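Novice: Single-letter residue listing:
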Amino acid sequence: MNTLVYTFHFYLFGLIAIASAIAFVTRKSAVAAALWLVNTMFCLSALFVMLDAQFIAAVQVLVYAGAIMVVFLFVVMLLNLGQASDVTDIRGLGGKLTAGFVGLVMLAELFALSRLKFPRLMGAMTDHANVVNPVSAPLFHEFLLPFEVTSVVLLVAVVGAVVLAKRGTKTL
Amino acid sequence: MIAEALFFSAVLFIIGVVGVLIRRNAIIIFMCVELMLNAVNLSFIALARLHGTATGQVFVLFVMTVAAAEAAVGLAIVISIFRHHKSVDLRNINLLKG
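Chains as they are written, first to last, in this note's numbering: chain A, 1057 to 1228; chain U, 305 to 402.
Just so you know, the hints here were simulated from the structure itself, not pulled from any lab data.
Among the clues, some could well be false.
Straight-line alpha carbon distances no greater than 20 Å define the calculated DMTMM-like cross-link-like pairs of lysine to aspartate or glutamate that follow [stated by the list, open to error]: (1) Lys1152/A x Asp393/U; (2) Lys390/U x Glu1165/A; (3) Lys1084/A x Asp1145/A; (4) Lys1084/A x Glu374/U; (5) Lys1222/A x Glu308/U; (6) Lys1173/A x Glu308/U.
Label pairs and their in silico Cβ distance ranges [to be verified]: (7) Thr1059/A x Asn398/U: 51 to 59 Å; (8) Lys1222/A x Asp393/U: 31 to 39 Å; (9) Ala1193/A x Val370/U: 35 to 43 Å; (10) Tyr1067/A x Ile397/U: 38 to 46 Å.
Bear in mind that the values here come from a model prediction, so they are computed numbers and not experimental data.
Each residue gets a CB set at the ideal place from its N, CA and C atoms; glycine is no exception.
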């Protein structure tokens, strides 16, 4: 019974995520597309919880749905692109055919690969009371150097964003 | 559930690729890239669950950091392109086209 409920919700959130992603790609208005993408991200975060990654699910909601998508919506607002233009921005026949071909090839690969047998779960994450420690312990021991490098990446990104978006500089 | 999660992840990635190929709006193309990164994150989480350790989840944190940095720089580029062309349509941005 418990696994049935689990399976049902797993498929439910996965299918909602895929449906929202399709809606996101086909919307003309940038704001509608962004909101469908937020819906996809919420469903993905639900899937993360069901795969025993509760901390990552919270970070997903906070960082992706909360911060990155707000930046996107902010730029849409800043550039006044909220209303969909009369001309669609979807490419012509050539682009559609290319995209359809690439999509079909990748789907065919997916179905060919889906016959693969997966090994059994190698271990269980049973410690549901402590979800941050399993993530943070490798982050600050094994992956300390990459962690420090990400801070440099973020610093460079912030400086680069300010330089690029600043108005009226003489050098650019 | 691992196989299903990887299936959903691959389908979301394919939708992202198709979105990049059929849209011309630069902001929506950026959002498609974010969708692809999210799909890869789902793969990481599923395989971390398969492995039984949380090390794969650390990579998701790194991917999110890089995605945030990429969104900041990319949107700054979109803003400065908009100042030049008064649009974010990729048809107008063909400076490097032969």
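Novice: Does the structure break any of the earlier hints, and which numbers would those be?
Specialist: Hints 2, 4, 5, 8, 9 contradicted; others consistent.
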